[in-house]
Amino acid sequence: MLGVPYNKVRIIAPAIGSSLGSKGYIFADGPLMLWIARELGRPIKWVDTRSGNARSTPHGRDHVAEAVLAGTRDGRIESISVKSYSNLGAYPVINAPGTPRTLFGQSITGAYDIEHPFFEVDAALTNTVQVGPIRGSGRSEAIFVIERMIDMYAREIGMDPADVRRLNMVSADQMPFENRLGWVYDSGDYVSALDRALEMVGYADVAAQREEARSRGKRLGVGIGSYVAVAGVGPSAKMGQQGLVSGTWGSAHMAVEPSGEVVVTTGAQPHGQSQQTTFAQIAADELGVPMEMVKVRHSDTAGSLYYGQASYGSRSLSVEGVAVQLAAQQIKDKARKHAAHLFQCDEEAVVYGEGKVYASFAPDQAVMTLQQVAFTLWLAWDLAPGMDPGLEARSFFDPPEFNYPFGSHVAVVEVDEETGQVDLVRYVAVNDFGTVVNPGVVDAQTHGNIGLGVGQALLEEVVHDEDGALLTDSYSTYPLIRATQLPDFELDRTETPTPNNPLGAKGAGDVSNPAVAPAVVNAVCDALGIDHIEMPLRPDRVWRAMTAEVAAA
Amino acid sequence: MIAAAYDYEAPGTLDDAYELAAQAGAVLLAGGQSLITELKRAAVSPRLVVDLRRIESLRASGDDGFGAMVTLDALAADPRVTAAPSALTDALEAIRDPQVRNRATIGGSVALVHQGADLPAVALALGALITITGPAGPRVVEAAGFVTAPARERLGQGEIVTAVRVPAPVPGSGSAYEKLPNPASGYAICGVAASVALSAEGKVEHAAVGLAGAGPTAVSLAATAQSLIGRQATEEHVAEAAAAAADGLQLPTDLAAPADYRAHLSRVLTARALRRAIRRATEGAH
Numbered sequence: 002m003l004g005v006p007y008n009k010v011r012i013i014a015p016a017i018g019s020s021l022g023s024k025g026y027i028f029a030d031g032p033l034m035l036w037i038a039r040e041l042g043r044p045i046k047w048v049d050t051r052s053g054n055a056r057s058t059p060h061g062r063d064h065v066a067e068a069v070l071a072g073t074r075d076g077r078i079e080s081i082s083v084k085s086y087s088n089l090g091a092y093p094v095i096n097a098p099g100t101p102r103t104l105f106g107q108s109i110t111g112a113y114d115i116e117h118p119f120f121e122v123d124a125a126l127t128n129t130v131q132v133g134p135i136r137g138s139g140r141s142e143a144i145f146v147i148e149r150m151i152d153m154y155a156r157e158i159g160m161d162p163a164d165v166r167r168l169n170m171v172s173a174d175q176m177p178f179e180n181r182l183g184w185v186y187d188s189g190d191y192v193s194a195l196d197r198a199l200e201m202v203g204y205a206d207v208a209a210q211r212e213e214a215r216s217r218g219k220r221l222g223v224g225i226g227s228y229v230a231v232a233g234v235g236p237s238a239k240m241g242q243q244g245l246v247s248g249t250w251g252s253a254h255m256a257v258e259p260s261g262e263v264v265v266t267t268g269a270q271p272h273g274q275s276q277q278t279t280f281a282q283i284a285a286d287e288l289g290v291p292m293e294m295v296k297v298r299h300s301d302t303a304g305s306l307y308y309g310q311a312s313y314g315s316r317s318l319s320v321e322g323v324a325v326q327l328a329a330q331q332i333k334d335k336a337r338k339h340a341a342h343l344f345q346c347d348e349e350a351v352v353y354g355e356g357k358v359y360a361s362f363a364p365d366q367a368v369m370t371l372q373q374v375a376f377t378l379w380l381a382w383d384l385a386p387g388m389d390p391g392l393e394a395r396s397f398f399d400p401p402e403f404n405y406p407f408g409s410h411v412a413v414v415e416v417d418e419e420t421g422q423v424d425l426v427r428y429v430a431v432n433d434f435g436t437v438v439n440p441g442v443v444d445a446q447t448h449g450n451i452g453l454g455v456g457q458a459l460l461e462e463v464v465h466d467e468d469g470a471l472l473t474d475s476y477s478t479y480p481l482i483r484a485t486q487l488p489d490f491e492l493d494r495t496e497t498p499t500p501n502n503p504l505g506a507k508g509a510g511d512v513s514n515p516a517v518a519p520a521v522v523n524a525v526c527d528a529l530g531i532d533h534i535e536m537p538l539r540p541d542r543v544w545r546a547m548t549a550e551v552a553a554a
Numbered sequence: 009m010i011a012a013a014y015d016y017e018a019p020g021t022l023d024d025a026y027e028l029a030a031q032a033g034a035v036l037l038a039g040g041q042s043l044i045t046e047l048k049r050a051a052v053s054p055r056l057v058v059d060l061r062r063i064e065s066l067r068a069s070g071d072d073g074f075g076a077m078v079t080l081d082a083l084a085a086d087p088r089v090t091a092a093p094s095a096l097t098d099a100l101e102a103i104r105d106p107q108v109r110n111r112a113t114i115g116g117s118v119a120l121v122h123q124g125a126d127l128p129a130v131a132l133a134l135g136a137l138i139t140i141t142g143p144a145g146p147r148v149v150e151a152a153g154f155v156t157a158p159a160r161e162r163l164g165q166g167e168i169v170t171a172v173r174v175p176a177p178v179p180g181s182g183s184a185y186e187k188l189p190n191p192a193s194g195y196a197i198c199g200v201a202a203s204v205a206l207s208a209e210g211k212v213e214h215a216a217v218g219l220a221g222a223g224p225t226a227v228s229l230a231a232t233a234q235s236l237i238g239r240q241a242t243e244e245h246v247a248e249a250a251a252a253a254a255d256g257l258q259l260p261t262d263l264a265a266p267a268d269y270r271a272h273l274s275r276v277l278t279a280r281a282l283r284r285a286i287r288r289a290t291e292g293a294h
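Protein chains in written order, with our numbering: chain A, 2 to 554; chain B, 9 to 294.
Treat the hints loosely; a few may be bogus.
What the hints assert, rightly or not - Straight-line Cα separation of at most 30 Å, DSS-like style, residue types lysine-lysine; simulated pairs:
(1) B:Lys-48 with A:Lys-24
(2) A:Lys-84 with A:Lys-335
(3) A:Lys-338 with A:Lys-357
(4) A:Lys-46 with B:Lys-48
(5) A:Lys-296 with A:Lys-335
Please keep in mind that the hints were generated in silico from the structure rather than gathered at the bench.
Only chain A is shown next, with the shape it has when bound in the complex (with noise of 0.2 Å):
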């Protein structure tokens, strides 16, 4: 950029107030503020207005989607087709086509075993604002698709929607499943995540509450939203069949100082996912030595670590983690190797446990300290042969799969018979990230998913004019979910860890975005007892809905 080497060029991406996928791009201000300053031979300070950040940054989703679903009269689904435009905006980011192409139609099968999907994608340019991924980015628009069809099918051959569900999902039998359209499905009972979800919503007992809510002038309803979504970016040579020229590995720095701290610099980029937190916890659990005494670094190109691949796509656990765990599992070997100089002993006889490495045959006498290792070590008066001084450690990981992680949400909605007003009372979600590092982290990351994803279903909707000028450019015309439009949330997980990671984890920020949409729209349709009803449901629209359907009556 602007001629100056790759080497020359220091970049620091420090809390960047989260990023949803918009914040991945170069956008022209960027380069044009470097121009500027290098001009003006000054440092220069830009600061961006909401209204311009709105007109320049991407907008998410923004796809039209028809689709047709086959099944038999007992709810055996045969084939989904799904004919899909996706708007581009104008001036599209580098990888606009990957979200409706891949994320998008290759997920359309969502949880189910469907014998005959097929997908078409027509990607169109236009002059609105450019349009790239979001939280959940194709996947949410594809279990939006499948999740709503399957409703209206099971309305049509007069089904329980979860009696469809349960009669179609994968089962745990035939992992690993391949979808039929690249997806090859690792682990999970997607059956009993959905079955824990309508225990715990008391889906038995939705009848005598409906009853209950007409008398207050609110007709209820319940919505399923079941799904399954690629995560783990990624497999370097799989993202490289889909036109991606980057490798997508996870790399890690490890150093452990002679004061015994441990230092891990990661190649994820934290903005909110807490890495900090559970990187340290995986270095420490793998290490043996306390939290406390791992400090994770980050986000400077100025770091000890080859090249940072960043966070995005529900990537960093089960890529970037799992890397920092390779690490630590090196600085035990170094260590073993060290002591078993130090001891007199061979290698096999040192044991590595609870920060600390004994001889196997005097571990009261034989044993030092991870600290006394990196002491020693740092000191290097006493090394065995070809032993390098220092307690330090690189490892990339390029997983051999995606991940997938899965799960069943269920919202109850009331609706207002008079305005329209729909107030989501109720939200369940079982989620199955497999193995879990850290619940607080999990849980927080599915209450931002179901917090955008609520926002989508009721408020969200960008407005261009005639004349293609963004109308909804700030805060007080774009509508945002707030907290006091939300229930408590009620989550519970199953744990089903993936093959394809030593860690076992699979994929948890934006993963759990997809069920939420679907979820509530179908709540909605099942309250009005309609077949569809398109986002975001404004009591204006959900009275027109209404009032439709009783002038039809």
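Assemble chain B onto chain A, guided by the hints.
The following block gives chain B in isolation, referenced to the frame of chain A:
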């Protein structure tokens, strides 16, 4: 980011404020909930912003009512307001953001009548009296006629809203405010404030209904209110009155809602506000 340049004064006395307010291109700044947003969007380009924050007398409340610079948060804590549930407590309850409550003022809200602002409609229904002071001294006007007037007709040159008096409820009266908020801005897509006074026999002796969100001013639903007066406060009569609430209204279609939905809401929320006002009147919650 505010791009346009303007002069700024924060006078310490009302006399100075009148003089500054009379200058060409001057605008008054109270809590800034509307003006600052409009400045950011370059929707207004004043030559002078006259900030009223340093005039202590505007924060005090006296015989002429609440001082114009009393914030919504202070209002919500005032014993005269909290004495009984009313259209005013309903409206204040519906504005939850602490930032807005701590900045927005009763005088600013009533003087400016932002589209969808709650308090002008409430002032209408409660028969609030607004004190306007200028170089020639104070004058008192009724909310009806003021918040329903176009912006340019509300204040004369150099005039400032200095106080808003909400009459104390009389026995047998009740009021309520019903609102469907714009989920983005928090302003009312439609808001209806209603007040009634009932005779001992349950007959409606007085009624007033104010509508928010219908356009650039608050709207008095005088015909709806009038149709109830002299009749028993029954569900049937309320439904009848509310059914005609939107008759003759010119309602806007915008990003937030289409006109026909606003008309529908006007009817629904009028019925709801009247029902609750009547319930409060009969239960003695004035």
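Consistency of the hints with the structure:
no.: 1; hint: B:Lys-48 with A:Lys-24; result: holds (25 Å)
no.: 2; hint: A:Lys-84 with A:Lys-335; result: violated (55 Å)
no.: 3; hint: A:Lys-338 with A:Lys-357; result: holds (13 Å)
no.: 4; hint: A:Lys-46 with B:Lys-48; result: holds (20 Å)
no.: 5; hint: A:Lys-296 with A:Lys-335; result: holds (20 Å)
In summary, the one numbered hint that this structure violates is 2.
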